[in-house]
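Quick note: to get the numbering used here, add 438 to the position in the sequence shown (first position is 1).
One or more of the hints may lead you astray.
List time: in silico BS3-like cross-link candidates among lysine-lysine, alpha-carbon distance up to 25 Å [to be verified]:
| hint | residue 1 | residue 2 |
| --- | --- | --- |
| 1 | K563 | K574 |
| 2 | K466 | K563 |
| 3 | K466 | K507 |
| 4 | K462 | K530 |
| 5 | K530 | K540 |
| 6 | K555 | K574 |
| 7 | K466 | K574 |
| 8 | K448 | K586 |
| 9 | K540 | K525 |
| 10 | K555 | K466 |
| 11 | K551 | K563 |
| 12 | K448 | K462 |
| 13 | K551 | K540 |
| 14 | K440 | K586 |
| 15 | K462 | K563 |
| 16 | K462 | K551 |
| 17 | K514 | K525 |
| 18 | K540 | K555 |
| 19 | K466 | K448 |
| 20 | K563 | K540 |
| 21 | K514 | K530 |
In case anyone wonders, no lab produced these hints; they're calculated from the structure. Predicted model, so just to flag it, every value in this text is computed and none were measured.
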Amino acid sequence: MKNVATAAVKASRLYRDLNAHTVKHLAKLHEYLGVMLAVNNAFSDRLSALLTVQTLLSDLSSLNSQIEKLGAASSKIFGGDRSRIRKIEELKDTVRVTEDAKSCAIREYERIKENNKNELERLDKERHDNFLSMLKGIVVNQVGYAEKMADE
């Protein structure tokens, strides 16, 4: 009976040690989940930049449509309407400014997109390496403790 109790205590200690080592290896999963929050934020930044580009494109389309309508209306009047011509010039200035803003927004979007791509490639490689080492560590621990239990 004493031998059974001693073996049970030894097995309990071995399992406790094995669990501690397993938790240490599984901490990489916890780290990975923390990184996923940052990845989600990066995609939110990209989405925001894309929305800015799309909004500017929509604004440009609207401005060009207004210019065409005013141009068509002023061409019907001989000599043109001064207020319409002035409004067309103001809209053309606004189009130039919006075009510049669109160019900047597209550059920013492309920069964010490229940065996200590079970071995702790096994270994928790190994740692969970390998960592989985690699995190797768990297997080595399981085998080692199984051998210790078999010896006892």
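Structure-based check of each hint:
| no. | hint | verdict |
| --- | --- | --- |
| 1 | K563 x K574 | holds (17 Å) |
| 2 | K466 x K563 | holds (14 Å) |
| 3 | K466 x K507 | violated (62 Å) |
| 4 | K462 x K530 | violated (64 Å) |
| 5 | K530 x K540 | holds (15 Å) |
| 6 | K555 x K574 | violated (29 Å) |
| 7 | K466 x K574 | holds (13 Å) |
| 8 | K448 x K586 | holds (10 Å) |
| 9 | K540 x K525 | holds (22 Å) |
| 10 | K555 x K466 | holds (22 Å) |
| 11 | K551 x K563 | holds (19 Å) |
| 12 | K448 x K462 | holds (21 Å) |
| 13 | K551 x K540 | holds (16 Å) |
| 14 | K440 x K586 | holds (20 Å) |
| 15 | K462 x K563 | holds (21 Å) |
| 16 | K462 x K551 | violated (35 Å) |
| 17 | K514 x K525 | holds (16 Å) |
| 18 | K540 x K555 | holds (22 Å) |
| 19 | K466 x K448 | violated (29 Å) |
| 20 | K563 x K540 | violated (35 Å) |
| 21 | K514 x K530 | holds (20 Å) |
The structure fails to meet hints 3, 4, 6, 16, 19 and 20 from the earlier list, while all remaining hints are met.
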